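Enquirer: Listed here are the chains, written in short residue letters.
There are 2 protein chains.
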Amino acid sequence: MLRFLKKDPLSPAQIIVLFYVVAVILSICLLSLPITTNPGVDWSFLDIVFTAVSAISVTGLTVVSTVDTFSTPGTFILLFILQFGGIGIMTLGTFFWLLIGKKIGLKERTLIRTDQNQSHLSGLVYLMKQILTIILLIEFVGAIILGTYFLHYFPTWQEAYLQGLFAAVSATTNAGFDITGSSLIPFAQDYFVQMINIILLTLGAIGFPVLIEVKDFIKEKSKYRGHFSLYTKLTTITFFSLMAFGTIVILIFEANYFFADKSWHESFFYAFFQSSTTRNGGLATMDVSEFSIPTLLTLCFLMFIGASPSSVGGGIRTTTFAVIILLIWSYSKGRKHIKVFKREIHEDDIRRSVVVSFLAIVLWFTAVVILTRSETFSLMEIMFEVSSAFGTTGLSMGITPELSSIGKIVIISLMFIGRIGILSFVFIFHRRLEDVNYHYPTERLIVG
Amino acid sequence: MLRFLKKDPLSPAQIIVLFYVVAVILSICLLSLPITTNPGVDWSFLDIVFTAVSAISVTGLTVVSTVDTFSTPGTFILLFILQFGGIGIMTLGTFFWLLIGKKIGLKERTLIRTDQNQSHLSGLVYLMKQILTIILLIEFVGAIILGTYFLHYFPTWQEAYLQGLFAAVSATTNAGFDITGSSLIPFAQDYFVQMINIILLTLGAIGFPVLIEVKDFIKEKSKYRGHFSLYTKLTTITFFSLMAFGTIVILIFEANYFFADKSWHESFFYAFFQSSTTRNGGLATMDVSEFSIPTLLTLCFLMFIGASPSSVGGGIRTTTFAVIILLIWSYSKGRKHIKVFKREIHEDDIRRSVVVSFLAIVLWFTAVVILTRSETFSLMEIMFEVSSAFGTTGLSMGITPELSSIGKIVIISLMFIGRIGILSFVFIFHRRLEDVNYHYPTERLIVG
Ligand SMILES: [K+]
Ligand SMILES: [K+]
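Listed in order, the protein sequences are those of chains A and B. Here the first sequence is numbered in my numbering, starting from 101 and rising by one per residue. Here the second sequence is numbered in my numbering, starting from 101 and rising by one per residue.
Check the hints yourself; a few may be wrong.
Identical chains share a label here; the pair holds if one copy fits it or two copies do between them.
[Stated by the list, open to error] The list that follows gives simulated cross-link-like pairs (lysine to aspartate or glutamate, EDC-like), each with its CA atoms no further than 20 Å apart:
1. Lys362 <-> Asp387
2. Lys229 <-> Asp387
3. Lys436 <-> Asp448
4. Lys433 <-> Glu447
5. Lys315 <-> Asp168
6. Lys436 <-> Glu447
7. Lys439 <-> Glu481
8. Lys362 <-> Asp168
9. Lys229 <-> Glu447
10. Lys333 <-> Asp316
11. Lys229 <-> Asp290
Because the hints were derived from the structure by calculation, they are not lab data. Quantities reported herein were computed from a predicted structural model and do not represent experimental measurements.
Taking the hints into account, I'd like the entire structure generated from these sequences.
Expert: Right under this line is the structure:
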């Protein structure tokens, strides 16, 4: 791998894929260790592969109960895989995006410190250190808060802090795994735990460049004002707009259904949490299959969009969605170029967004068609599972453990492709991304 | 309308919408006449509106049984509306596309004979005459063949030729209405009737410019060779590729299901006819709800794409689909421009295709979400109905007559938007399409 990076014989897309293949194989080895599982647990190789891909891609779909399957050392191994998967995703995502020349701003350019005299590797190491620091800091604070709070939930302090640590890591990496045995359903009435979780999963899913810019903003407030990059503005607005949209739609659609017998604050938190979790968290405070079909379709749509790029999340990404919306808007206004926040979006980013979206739709549709043949579940359950796997969200209407072998293989493939990015998948067969000639100055966006 | 066309105060999009609104109102009046319906028939105003929109948009979805509701004069009134709808669609589609400067080739430029000295109106009249001649000729030949053949199906020659005429008009205009009471199911074993129907609906759905070019090709064979326009090549290849794709997929998906007890030639014709009919015909030789879900999803996809532009059909159109496929292909090859048949596809056409596709997906999804709340049918039945209405195909799993009022209004809106074109709908609010500056020479396509 070092040799590859130095001599650069592989394209960025190929390195990403190679990274994930190696990571998945290592995870399979770790999960196959006897100490990982509780005594008496006997899971199939396919289930181990499924769990490995789900963990590395921080999706959170599970074919086995995490709490019943994993021993205490196994739980730490799983935590390590989630951590590695989450940070790997963020690092590689940011790194290759910077590497292929798509700077988001002057500040970010120094992030990987690559100039003619430095190898890509030192840039990668430097970047990973930064990301690791930020993520571990967030998780540490999260674990302390949750662990301390959990002292009145669990009998021993060890269990409280183990639960707190697992919850913080799972939320920050948007992994969606749980060791409660039933996601966050036990905390359905505990708005404090929910708010902490929403904050952690938002920090993980909003994109690393945003975190850096906000950090810089806080550090040097006076100088920074108004200098957020187009990327940060667009992705953050989209991120929170989708959260708000989801909350409102769920509230409306379920008013006379799931929320019929709930108080306003219960309804609000159910809607708010389930909307937020589709950004990529994958945790849930309820059994989502209790929602009615219009709501479930909306959740599919939200999961399909997913998180921001250069984050721990999947899906077509918030920027891609924003560019598509702006494209439609500009076109209907008869404009040839997309202008937003006094900037123009680059032609290549538009094209990339469009291709990513269409490929994602093709992939989604193909997977749904295959599963409607291989499985006996309802169309809604299948569409939900496919959206969740592609978006690496990890929500499920409960069919994951009962999937057929073909079904599991399809979901594994979706999580894998959803993770490496659909364009990386397309570009595997190219030696390197072809260079593009820029014809006019524009500010670049991350897409897909 | 004459004044509008001469003085040009309305945009093409506004004229198209105005035309359809007037046409629908006139159709409602005609259908409300006492002589239209059989004695004792009492249908609601919403059902009349539904039938009027379905007929003018030549969709063919029906909330009432055509054979039970319509008297013999009523049948002729319906035929007239279908004819008017089909020809109006083809004329307006071709006319405005030529008018906004999108010539398909040297030959076609003379079609509307508009130069600085002539008004648009004379071009429109000239074009409509040509289209009328071609369509009536096709229908006449079709009616003679089918009517004569029907002599051994029906007791009297009058009924045989009435059935033949209705079948020929319904097939050529891709209207999908039937006066057999059960579409083409009575002819499920009659491959001759099916082949004639497939030919007629293909001639209606393949696009008027293609018909003209083929006519010219036949007339002056030696001179014309190899000079088909990019539009004709692309649209025709896509059209027949989709037909073949659908046939193969249906054969594979239903091999162990609907076709389990059928002979190879029965299976082939069921697959071939049902695939062809999704191009826009809307007739069926079987109850499509007998297909399994993977097949039904594939039919949804095919109906969503629909027919070629400047034809009697709807959907996002074959060219739009072809451009999207070529865009993905070019992008994955790292190419900046789409090159096909030694031509480059214009940037504006690509953008238009993309916007049309996304808007269509948004519309489709929104309609499905609304219907899953307003109706009690399965998700599959609703998705099928919505795809059929948007594509103005007219196939149904049988839920149309049982739709709620909200459901009917949604389906009416879809048929209307599917017909006027999703971009016309967007452009209603503009005075006229803004001019575009061309930067490099390319050959133009019709999209959406
Ligand atoms: K997740
Ligand atoms: K039709």
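Enquirer: State for each hint whether it applies.
Expert: Hints and how they fare:
Proximity of Lys362 and Asp387 under a CA criterion of 20 Å is satisfied intra-copy only: 15 Å inside one chain copy versus 44 Å between copies. For a Cα distance limit of 20 Å, the shortest separation of Lys229 from Asp387 qualifies neither inside one copy, at 38 Å, nor across copies, at 62 Å. Taking the shortest Cα distances, Lys436 and Asp448 sit within 20 Å of each other both inside one copy (14 Å) and across copies (9 Å). In the homo-oligomer, the alpha carbons of Lys433 and Glu447 lie at most 20 Å apart both inside one protomer (17 Å) and across protomers (17 Å), since each shortest distance falls under that limit.
Within a single copy, Lys315 and Asp168 get their C-alpha atoms no closer than 40 Å, and across copies no closer than 73 Å, so neither meets the 20 Å cut-off. Proximity of Lys436 to Glu447 under the C-alpha cut-off of 20 Å is found in both arrangements, the shortest distances being 10 Å within a copy and 10 Å between copies. Proximity of Lys439 to Glu481 under the C-alpha cut-off of 20 Å is found in neither arrangement, the shortest distances being 39 Å within a copy and 41 Å between copies. With identical chains, the CA atoms of Lys362 and Asp168 are never at most 20 Å apart, being 32 Å at best within one copy and 49 Å at best between copies.
Proximity of Lys229 and Glu447 under a CA criterion of 20 Å is satisfied in neither setting, with 33 Å inside one chain copy and 43 Å between copies. Within a single copy, Lys333 and Asp316 get their C-alpha atoms as close as 15 Å, which meets the 20 Å cut-off; across copies the closest is 56 Å, which misses it. With identical chains, the CA atoms of Lys229 and Asp290 are never at most 20 Å apart, being 35 Å at best within one copy and 73 Å at best between copies.
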